[in-house]
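Colleague: Working from the sequences, and respecting the hints, build out all of it.
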Amino acid sequence: MSQTDFHYQKKELPASLSRLGIIIFVVGTVLSLLAFFVDQERAIFNYLVTYMMIVSIGLGSLFLIGLEYIAGADWSTPIRRIPEFFAMLLPVLLVLVIPLLVFNHDLFHWAHKEAVADDKILQGKAPYLNVTFFIVRTFVFIGLWSLFYWMMVRNSRKQDETKDQTLTKKNIRLGAIFIPVFALSITFTAIDFMMSLEPHWFSTIYGVYYFAGTVVASLAAITIAVLKLKEKGYFSPWMTDDHLFSLGALMFAFINFWAYIAFSQFMLIWYADLPEETFWYLIRWEGGWVFISILLMIVHFFVPYFALLTQPSKMNPKRLKFIAIWLLFAHLLDMFWLIMPNMGSMKNGYVFSWIDLVFPIAGTGLVILVFAFAAKKANLIPIGDPKLKRGIDFHL
Amino acid sequence: MHNDKKIYGIAATFKTPDEIINAAKKVSSAGYIQYDVNTPYPVHGMDAAMKIKPSKLGFVTLVMGLAGAALALLMMYYMMSVDYPMVIGGKPFFALPAFIPVTFELTVLLATLSTVGAMIALFFRLPDNQHPLHDTAYMKSVSGDKFGLVIEASDVKFDEKSVTDFLKSLHALNTEIIYYPEEVAYPIFQPKFIMFLIAISVVVSGGTYFMLNKLVYMTPFNWMMDQDKLTPQKPSELFADGRGMRTPVEGTVAQGFIPYPYKGQTNPTEVLANPFLPTKENIALGKAKYFTYCTPCHGDFADGDSRLRGQFPNPPTLHSKRARDFSDGMIYHIITNGQNVMPSYASQITRDERWAIVNYVRVLQRAKNASDADLIDMNKEAGSNVAN
Amino acid sequence: MNVDYSQEGPVVAGRLTLAQIEELVAKPMDTKPDKKYFIALSISLTALSIGAICLGLTFFYGVGLWGNNQPVGWAVDIVNFVFWVGIGHAGTLISAILFLLRQKWRTGIARFAEAMTIFAVMCAGIFPAVHTGRPWMDGYLFPYPNQHGLWVNFTSPLLWDVFAVSTYFTVSFVFWYVGLIPDFATLRDRTSSKIKKTIYSVFSLGWRHSNRHWTHYEKAYVLLAGFATPLVLSVHTIVSFDFAVSIIPGWHTTIFPPYFVAGAIFSGFAMVVTVLVFVRKIFDLQHIITLDHLEKMNKVILATGMMVGYAYAMEFFIAWYSGVSSETFVFINRALGPYAWAYWIMVSCNVIFPQFFWFKKIRRSIPIMMVIVILVNVGMWFERFVITVTSLNRDFLPSSWAYYTPTIFDLGILLGSFGLFFTLVILFTKSLPVVSISEVKAVADGAQPTHHRGEHHA
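Protein chains in written order, with my numbering: chain P, 1 to 396; chain Y, 1 to 388; chain S, 1 to 458.
Hints may contain errors.
Residues from chain S shown here face chain Y by an in silico Cβ test under 10 Å; the list is partial [unchecked claim]:
1. Glu22
2. Tyr61
3. Gly149
4. Pro182
5. Thr186
6. Asn211
7. Ser234
8. Val245
9. Pro449
Hints listed in this document are in silico derivations from the structure and should not be mistaken for laboratory results.
Note that the Cβ used here is the ideal one computed from N, Cα and C, for glycine as well.
Modeller: Here it is in structure tokens:
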């Protein structure tokens, strides 16, 4: 194939995608609402699991966009629109977060005034862990993410028409500012929404742990979308194994990174054996939770590790797609493992309920819908990006 | 002039990477198998041009990496859980999380070393400084900035003339015929070499001997061995009598120790009374201690019928009239101080345990020498009237 | 300055030909060292011998010569160890991680950085070996039972260190040597001296630049890089475990592993920049080690500096958030206690000064860059000092609190380790190619075929 004749023709995504999204979303939402009437506490905890999953995909995608700009990567430029579409989930969070704030009393032990009154440690944390400051933080973070999303994606789309190189420069600057903002906001989001569910427990690596999972989840979502679009011919004929390899290799790297962070946290707490830390793991090593903990290690590390170990397996679209779906599930399990054992009635062991299954359905529908909506108005390839040609000609 | 030499192959050099890729493709499609391309750095796309299969080196790495992990875990399992198990920090003997760092390191170590070793020795067949290509003008140019191709004489299609023409047709800068070098004998048993080996072995063994047998006994390396403290069986230089261990001042009492003032053949009956009642627990304790310390001589039932019977002096029975008439204090005194050949048990048996033994001895004595009244009492308790 | 994003910047500046590259890199080995070289060498040898004397006295009189006291039982010896191991991380990072990330600019600096890794790990290895004052007892570190049949303790992080550092040294060395093989062959073929030729022949193993070998060689390089990457993370992770598995407030915190790794990369890059600035000037390698490379390294320094800052902030926040009073105390003591001076040196050198690298002008200005990277080196030494000493000097019993000051022998040994490092670096620059000849040739302009797309995976 020649290197010069690349002409982009906008090809709409099929309408069936939005239809599929709506159906899944509506079914999931109906079931989820039903769950709220059956067991409100369990439902809101499950809602939080799916909410964090959506944060992971949206925020991780925006992080990858920023990373591409500041690292000057070219291989990912042709597929940058995919994370841009996923990042549209970030403004949607402004609505999604409301149930969590409304039902904060069901979620957070520290939101109970009478509990804090008898608890010296919680009193000490009250300047940080109080409902007002919590709501302010939440909206500031989501606002910042939406702002960066809006600015970076606007520049990227404008470039499609103007082909103006200064827009790339602008986005590099935005990316450089976004990454530190991202690091702090994702850490405190993880602390607020997940670590503070068990307000007596603390771990300095927690933000990094959630970050590692976030990147895995967003890369998995991007890989699924890329492979689906490639199958349908949206990315032909230029997309090669080398692009897929890069995605696979990044996923592989971040699976390892996740395992490294998870092991570090566990190892240090296990070895030092301080009661104020170990109880968090003990809850997850008792009752039914021990099986979920072991399952998490296998699902989130061992299986994808060996599946992506060799070079050809990182390029094999079939395997890549399977592993990407697998990893989304793994991240969901990870969120479930982090969040659910903190629920009052679940501390003694895991008991299955259909409620655990319905929220991810609604989440999947929502992600598909947002993706389809975002893709409608934009080109699937950033045709004005100066790095596009280099990215298309990318070769290992 | 080289006509008497064996031809290794014919080499051609090219100027640009494009030309060498093109040449490699042509040579490959012309059906040559025994040929090689020499470039100062890896040229992209050359593997495809030469139709080289992907390297199988990864299998060595995988196998040896897994072997490294397994060996590391086995080693630590044997050392820490089997051969010398020890509780460290309250962790289990096989503390898996704590073994992961070393397992990882040994995996990496074994995998990388064997990958490089296998690559050099098995895949490359190096070191090989005798290869015909060495020291040729061809080698010098491909080591620098030219790109070269050799068609070897071992190829079935090799023919000096046709190959030369073929290479020239590919616009080679120049071609060169490469010959095998003359065989050079390397006599291993040269006197010089033998002397060299001997010298090395003398230095190494001498050095080792010096380090292990002399050096560690020199100052300051011996400071850990020769310390200013008394070791057993060594006279003290500080005290006139040469004893390191001093006798305590008269009347010194060790902490937690109650002195026992009676010695020898005395009978401290009046002052020593058994402080314990013969309760079930106390007798059980006495029985346990009796079985540990007393039965070896006096026998299980104090008949003096242990396996020492028949030796001189015979261990005495404790059921003699004399023994039965001993006061509790007297028995206690004998256990504490010893009697005749019986040693003192003061250091092995605590005071309370000695009194418990006394109680148990009383039980044995009464059981063996029960009076009629005892039997009646016993039967009353048992609810039968056999003895009547 | 406007950058054209549609073109990749050239890795080798000045449109050098392959022969010119080879000539430039091989020049230091072909010429006799000049006076300046000997002056530099004698300075570093002086430092080395001061260290050797201090060490010899330590062995003779014992570690009582050092400033360690109760409760500061771990002090400058472990600080130096962590400092040098940290510096040793940049080399493998540049050669392995940047290789996997396909950053071509690494070729110009990889060889030098790898050599620095090896030398730095050698410097680091001194301290665990001597810190007991009885280095001839180090044989007990091997898993071989002593006279009581007792094995080494595999649950101890200090033993993990033994395995980690020695594995790291071995693998780095092998990685470095594998990279050198083609260069030895090139040197062998261009030299006219018979002695040099024999030496190069032995080390080149008879390498023939054969493409059938390059195939395996490139594969091996990928595999080695794939192993070296987690290895480099594991080494500093295990070093951080030395502290973090304990229950001492200020040491026991879960962020230590990634925080130490980020700090190691940070200090290592700073050291590489420090040395490269001189090397490129002295040996005329400005076209191969370009200003662009230095700028990229400065960006990495900025990024890792902020990661380190993030870790400082998280430690403080969680110390407060945890509600554990001893934990809170340690951090207040760090910032406001007797070692506040060390703490604020650390924060300013590691977090504040690197922020200047946000400005492109400063990133590309050699003198300012020099000042900042040297400050980073200072700051990173103080970071280890702060972690070690301030967590110990005020422990749980106020009656045993004590102030620690290093003695002249502590500092002499530190100076000696710098002497060793720079002696090795100086010797290296004249005896081996400081830049990988074959790798730089491969990324020069016109070194690769113009159209190779689609043929690779035919």
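Colleague: Hint by hint, say whether it matches the structure.
Modeller: Now the hints, each set against the structure:
1. Glu22: holds (6 Å)
2. Tyr61: This hint holds: Tyr61/S lies near chain Y, its Cβ roughly 8 Å from the closest one there, short of 10 Å.
3. Gly149: With a minimum Cβ separation of about 6 Å from chain Y (threshold 10 Å), the hint on Gly149/S holds.
4. Pro182: With a closest approach of 7 Å, the Pro182/S hint holds.
5. Thr186: holds (5 Å)
6. Asn211: For Asn211/S, the interface hint holds, since the closest Cβ of chain Y sits about 4 Å away, which is under 10 Å.
7. Ser234: At about 6 Å, which falls below the 10 Å cut-off, the nearest Cβ of chain Y leaves the hint on Ser234/S intact, so it holds.
8. Val245: holds (9 Å)
9. Pro449: Where the cut-off is 10 Å and the nearest Cβ of chain Y is about 5 Å from Pro449/S, the hint holds.
When the structure is compared with the earlier hints, no violation turns up for any of them.
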